[in-house]
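Visitor: Just so you know, the protein sequences line up as chains B and S, in that order. All letters in the first sequence, in the order written, are residues 0 to 453 by numbering that gives the first Met the number 0. All letters in the second sequence, in the order written, are residues 0 to 262 by numbering that gives the first Met the number 0.
Read the hints as simulated data drawn from the structure, not as lab findings. Check each hint, because a few of them may be wrong.
Heads up, simulated DSS-like pairs for lysine-lysine below, C-alpha to C-alpha not over 27 angstroms straight-line [said to hold, decoys possible]:
1. S:K248 x B:K445
2. B:K72 x S:K248
3. S:K204 x B:K156
4. B:K151 x S:K204
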Amino acid sequence: MQINATLFLNYFSRMEYLPQILFLITLGIVSFILYKRIARIRSNIMLGKEIDLKNHKSERLNNMMLIAFGQKKMFKRPVPAFLHFLIYFGFLVINLEVLEFVIDGLTGNHRIFAPLLGGVYPVLMNIFEFLAMAVLISCVIFLIRRNILKVKRFHAKEMTSWPTLDANLILVIEIVLMLAILTMNASDQLLQLSNEHYPDTGTLFFSSNLIPLFEGMSEGSLIFVERFAWWFHIVGILAFAVYVTYSKHLHIFLAFPNTYYGDIAPKGEMRNMEAVTNEVNMMLGIQTEQPAEPPAEIARFGAKDVNDLTWKNIMNAYSCTECGRCTSECPANQTGKLLSPRKIMMDTRDRAEEVGKSLASGGKGLEDGKSLLGDYITKEEINACTSCNACVEACPISINPLEIILEMRRYVAMEESGSPASWNSMFQNIETSFAPWKFAPTDRFKWADELKED
Amino acid sequence: MSEYKVPTMAEMTSSGESPEILFWVGCAGSFDDRYKSVTRAFIKILNKVGVSFAVLGEEETCTGDPARRAGNEFLFQMQAVANIQTLNGYNLKKVVTACPHCFNTIKNEYPALGGNYEVIHHSTFLQQLINEGKVSLKGGGSFKGKKITYHDSCYLGRANNIYEAPRKVLEALDAELVEMKRCRTKGFCCGAGGAQMFKDAENGKKEVNIERTEEALSTGANTIAVACPFCMTMMSDGVKNKEKEGEVKVKDLAELIAESEGL
Ligand code: HEM
Ligand code: SF4
Ligand code: SF4
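So here's chain B without its partners, still in its complex pose (with noise of 0.2 angstroms):
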């Protein structure tokens, strides 16, 4: 005991091993904010209802890595889909550094792998300065696309000041972490020209020339401008990887288990109501082959409120990149009409972040007094879709806005018969004469007799 509490001790009076314990810290400090921000996204995912998408493992493997692995859907418009390509390859790639920054800041090492790979390192280095290059004009060009260019998808009424801000916010934070890194190795070039300490990287191909800004600082200045520039980057990742949790940049992640668990059946399908058959077969007196099992208890037909959409939606608004491509094919949109499914999404997230929110903090949750249809969404907006599927075509990422609101015109059809008039009338209509319209059902089978005219 008395020989570990001075090695404890020695270890600490060691100025040399404050960076490490500070590294460490913040490592843990982010590491629990983002443990505890995933689990409250998952518990608010978890508020939509069971649906059971264990099936067609191989089919939806597929699917994700060609939509979201390989960008299938975004090449649909190759501008963007370029230009967000480098940014997502450049994102993977600079990850394999951000680990060596974990490690150097965990043990106190200087560019832990140069020595490992040797020559290949140099190489390496350079291939991530191009990838950091790519990224950053990448991230300027959507910049001038979004502000200047003023691209028309990206201005909605749904795209308020948050949504606004958020998305420049991202690039901005990206364009930033870029230039840390550059920076960082600009002066650490000029470093191993007299200190041993930083291993060789050769001249590297982009921060080379940012060596004329720093030559002549004194060694002291230039240890503090790539220190300054490490924590920067390093610390700046992490913090936009909290960031990134309360932003539509959760995408980076969710975009992988949401194409996994993206539409299988074809588009036009709507998924059957077992809770209706059961009553429809009780009515029609219809013998069902499985021993009635007491019917579950349905809370409610159709979704007035996030629980009654599946965590499959829920999850879908979580990943939404607000990229309004799905509203800029919406023929409801296109033609003036208030819905727009990007809107949907926005607002489903919302609902479900406020619902969880308030749960977190023992307030009422679900039982505000306020829901999803109502509060966020209107009737005038689900009303107005033809379910052409246009949005859900349109979806990189395999969102389908679609499936919510035909849920919701459910609640409003069946819970508050609340459907516009001359709906109800259609449906008038096809109890009495088994046809949308007016037609005495004798008269169905007239066509016949004017075709022997023929």
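Please arrange chain S with the ligands on chain B, whose structure you already have, making use of the hints.
Guide: Just chain S with the ligands now, kept in the frame of chain B:
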């Protein structure tokens, strides 16, 4: 007496026959004045090629599609279960329908309620007839060199991935197929799906069918081919609204084939 026969399932079954195909006519095909002519054109083609077929006649009722899309699941299932009982009472081989909504419902949604059939849309059926040489369109027919544009029905296209069959049918006419900018997976809706056919549109800047008709007219085609009764109504209304009904015709695939066959 006309040369065209329209046997019903009940008649055929009672005389011990079971037809190759059941032609599901649909409500529009039975009642809508414009669409009845599509039904008749299709019957003529069926007679001409000599396939053994039957219809349900007065036994057919609405599939329930508009009720389901408008949210009334009870009514949908009542319709569906009743239709399935009728269909399961016969020895069915294949169901063919000219309505993409009936097609989608019977093919994709009836199985969950105990109705399992092979269902094909008439565009696919016509394409098969052409491929098999049963309908041979003599080149240089009345459509040769004329511009036709095809309007994708959402319930055929995106809903069921049928994009090529209707186009193959049109190509067989020897016509010049000109595509609209928004076609196939990006096809712009006519505005009638999802039960919109049965109510007024919400407030907006424009009607969906006008937007689509303008796009169709801008191709310079003098025939707008459709493969759905709702698209037929919406596009015809659009053409009338633009006062182009003199120059531009909206026609179903079956009508075009029947016409070029001289039926
Ligand atoms: C894993 C790393 C990823 C990163 C770093 C990343 C980064 C970004 C960034 C920075 C934007 C904003 C673009 C803008 O402001 O216009 C964006 C948008 C988007 N991302 Fe990702 N993304 C990633 C993964 C994915 C995946 C796997 C998908 C699935 C296909 C995806 C789909 C999208 C879509 C649809 C948008 C909207 C793009 C548009 O405006 O057209 N992303 N992403
Ligand atoms: S399905 Fe509805 S919400 Fe989606 S694009 Fe079509 S009309 Fe718009
Ligand atoms: S639902 Fe899909 S297409 Fe629509 S904004 Fe979200 S990510 Fe984009």
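Visitor: Each hint should be assessed against the structure and marked as holding or not.
Guide: Outcome of the hint check:
1. Note on S:K248 and B:K445: the hinted pairing holds, with a Cα-Cα distance of about 26 angstroms set against a maximum of 27 angstroms.
2. Note on B:K72 and S:K248: the hinted pairing is violated, with a Cα-Cα distance of about 35 angstroms set against a maximum of 27 angstroms.
3. A threshold of 27 angstroms between alpha carbons decides the hint, and for S:K204 with B:K156 the separation of about 15 angstroms falls inside it, so the pair holds.
4. For a cut-off of 27 angstroms, the pair hint linking B:K151 to S:K204 stands: about 17 angstroms separates their Cα positions.
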